[in-house]
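Student: Put chain R on the given structure of chain L with help from the hints.
Top line first, the protein sequences correspond to chains L and R. Under the numbering used here, think of the first position of the first sequence as 26, with each following residue one higher. Under the numbering used here, think of the first position of the second sequence as 234, with each following residue one higher.
Check each hint, because a few of them may be wrong.
[Said to hold, decoys possible] Coverage of chain L stretches by chain R, computed from C-beta distances (three or more under 8 Å per stretch; other residues unrestricted):
no.	region
1	159-167
2	171-181
3	239-247
[Said to hold, decoys possible] Label pairs and their in silico Cβ distance ranges:
no.	chain 1	residue 1	chain 2	residue 2	range
4	L	Ala32	R	Ala242	52 to 60 Å
5	L	Glu158	R	Arg320	36 to 44 Å
6	R	Trp448	L	Ala32	49 to 57 Å
7	L	Ser247	R	Thr275	52 to 60 Å
No lab work stands behind these hints, which were simulated from the structure alone. In this text the structure is predicted, and so the values were computed from the model without any measurement. Here a beta-carbon is modelled for each residue, glycine too, at the ideal position from N, C-alpha and C.
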Amino acid sequence: MAKQVIAVVVVILLMAAAAYAAFFVAPTERSMGLIQRIFYLHVPSAWTAFTAFFICFIANLQYVFRRQARWDWLGVSSAEVGLAFTTVVLVTGPIWAHPVWGIWWTWDARLTSTFVLWLLYVSYLLLRTLIEEPDRRALLSALFGIFAFIDVPLVFGAIRWWRTQHPQPVILGAPGSGLDPTMRAVLFFCWIAMLSLMALLLRQRYQLEALRGEFDVVRRESEAG
Amino acid sequence: MSLLSNTSALLGKELRTEFRSRELLTTTVLFILMIIVLFSFTFDPSSAESRRFGPGLLWLAFLFAASLMLQPCFLREQTNDTLSALRLSVDDPFAIFLAKLTANTLFLLLTEFLLLPIFSVLYNVPVLPVLGWLIFVLFLGSLGVSIAGTALSAISAQARMRELLLPLLLLPLLTPVLVASTEVTAALLDPAPYVSWKGIGFLAIFDLVFLTALWLFGEYLLEE
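Here chain L stands alone, though its shape is the one from the complex:
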């Protein structure tokens, strides 16, 4: 219990420090002004979401080969947490885009593929609600999760090549793009804070799922007996 309280406090402090850094440490961007600061919420959320989906993919693979319930618990937890962060990305994106681009949404490669990614993992969670038997649910959703994950690069490739008017990536992008060092430092700090939040949520959700799993076993046994 004490460990959990400490973890929560650490995450709150990190998030508060990240918010402070995003508002007061990072310099104001010259052409976009204040609205650009949403970038410190938007981009780290996106990276964190991808991290969560990657964890989900690993958990899915582990489940298929090892068949231990804990991998299923990790799979569903990371998918849900990843979906939450993707939702943050999809909401903060238009808030930034409207004043800067003048439109809420554009069918650009990264926007559209993030949206498709969101749809894929919503389907993953939906599939889980529609299979009663726990082992079957775990196996089939793990397999769908694997298919969904390998589909993501293809979705991104297809949309990027044929359906895009995209702004060049700023991080790891073409030469000439790049971030001010302070901005970069703040960005990575925000990502670390976001990752800590993800770890906390993941842990909580995992424990909940573990309890549910145990409860389910007991319920089934009592019904059978």
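Tutor: Structure of chain R alone, referenced to chain L:
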């Protein structure tokens, strides 16, 4: 070798089952025909506009139709629990998938061949000059749809609400096929037609990636 002989035997079974009733083919053809007709009301179907919207409309219709047509693929094995028999009859469960996805690709291609001339006439888009390439794209696209669709229909057949579930699982997964096939088809139906090698290569990669995934994970999809 046994994979090939198993597959061809199972493929024969799939084709016989379908051609005895022709239920799937008839309903799918009608369904696509309806979409094609209804779509004409949503924009001005002049020749120039049709070239712009036609390829996307055509592929969207194929995708929707496929997501309905692939439903019974594994479902009909459940009625008499024939899936267990199938599993016992082959050495490698991949043969079951291979047979089913080949059959599904053939069914899809057949419906597409039937509807392509109708589309061409109704929307004033000439397809004859590029027919060879068009068939090639239809093949690559339908193969991709069938590979992913066969795998997912094995999943959805084991869930509740299966009729609604398959399109929900399948359609977002097929985004790359929709984008690439539409692109290649649009290039072919252009007034100055050209072959989009990038799109063709992309479709081939999609097919290959999902075929490999099915080969690796297929046996787990069929576990009791």
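Student: Now look at each hint and say whether the structure bears it out.
Tutor: Here is what the structure says about each hint:
1. 159-167: Holds: 3 residues of the region 159-167 of chain L have a Cβ under 8 Å from chain R.
2. 171-181: Since three or more residues must qualify, the claim that chain R covers the region 171-181 of chain L holds, with 7 doing so at under 8 Å.
3. 239-247: Since 0 is below three, the answer is violated.
4. L:Ala32 / R:Ala242: 52 to 60 Å: holds (58 Å)
5. L:Glu158 / R:Arg320: 36 to 44 Å: At roughly 18 Å between Cβ atoms, Arg320 (chain R) and Glu158 (chain L) fall outside 36 to 44 Å, so the hint is violated.
6. R:Trp448 / L:Ala32: 49 to 57 Å: Since Trp448 (chain R) and Ala32 (chain L) have Cβ atoms about 43 Å apart, the given range 49 to 57 Å is violated.
7. L:Ser247 / R:Thr275: 52 to 60 Å: Given about 56 Å between the Cβ atoms, the range holds.
Consistency with the previously given hints fails for numbers 3, 5 and 6, ordered from lowest to highest.
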